[in-house]
Amino acid sequence: MKILSMSTATNNLSVALNDDAKIITEKNEFDQRNHSAHLDPLIAEILKENNLRLAEIDRFAVAIGPGSYTGLRIGVTTVKMFASILHKEVAGISTLQALAASCAEEGTLIVAGIDARNDNYFAGAYVNREDDWGPECVIPDGHYHIDTLLSAVAEYCADNNLENVIYVGSGFEKQKEAIKKINIPFNFGTEKQNIVHAGLIGKLAVDAQPDDPDQLLPNYLRRTQAEIDWHKKTGEAYKPDSNYVEEV
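For the sequence shown, counting from 1, position 56 maps to 56 in UniProt numbering; every step adds exactly one.
Among the hints, erroneous ones may be present.
[Claimed, not checked] Below, simulated DSSO-like cross-link-like pairs (lysine-lysine); rule was C-alpha separation at most 30 Å, straight line:
#1 K192 / K180
#2 K27 / K2
#3 K27 / K192
#4 K233 / K176
#5 K192 / K48
#6 K2 / K192
#7 K48 / K27
#8 K27 / K174
#9 K192 / K181
#10 K22 / K2
#11 K176 / K22
#12 K2 / K88
#13 K192 / K174
#14 K22 / K48
#15 K88 / K176
#16 K27 / K88
#17 K192 / K176
Hints listed in this document are in silico derivations from the structure and should not be mistaken for laboratory results.
Let's have the full structure, built from the sequences with the hints guiding it.
See the structure below:
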């Protein structure tokens, strides 16, 4: 199964071609912040270099969040369009699970996170199980203050006799003193591990349940400012399909 996968969730853009779990090629652009202009050319390069047409892709996969609101919409909209027009499968993969997938350690809690500023993180925690490929989520992806996140990490490690933690993603190094206080040995991810890789998204997509392209949505894990402004202005409850963007 040929899988074309991508991540536009962070400052770094990643696109990859997989043959089932095997990563054929992956292309990355680091800190370019212009994914809307660079995504399609990267896809075209990969297809050309591998003598493939877009119609020959069997499944599309994308990081659905958390991440940059604008970035997520670019990636999700692209795969929705491809899958819908070509009648192909699409799989949405957690950005945090893709980060955690860069760590192969067993018996270790993998805390994957994206700095959300002011000591807040989009984060979740994962473990690798023997004989399974793909990290299992054990602390749900969410929007956490660092104190809340570390409390959950300490509790999970105590309950499951884990004695090591690895923190991957962005912004954890500045929390080193707070992390030390929970008294669990830890490491930070390497530069390579701290980046979302489309090839790993493709590997996770092999066994993922396909999504309906028309129902695939970004998973922001936090209300957008437009939703908050709408709620303040109208006093109405949050609605998944409201027209607040047009009204605010």
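Hint-by-hint comparison with the structure:
no.	hint	in the structure
1	K192 / K180	holds (23 Å)
2	K27 / K2	holds (16 Å)
3	K27 / K192	holds (13 Å)
4	K233 / K176	violated (40 Å)
5	K192 / K48	holds (26 Å)
6	K2 / K192	holds (24 Å)
7	K48 / K27	holds (13 Å)
8	K27 / K174	holds (29 Å)
9	K192 / K181	holds (27 Å)
10	K22 / K2	holds (10 Å)
11	K176 / K22	violated (35 Å)
12	K2 / K88	holds (11 Å)
13	K192 / K174	holds (18 Å)
14	K22 / K48	holds (19 Å)
15	K88 / K176	violated (44 Å)
16	K27 / K88	holds (22 Å)
17	K192 / K176	holds (20 Å)
Of the hints listed earlier, those the structure fails to meet are numbers 4, 11 and 15, in rising order.
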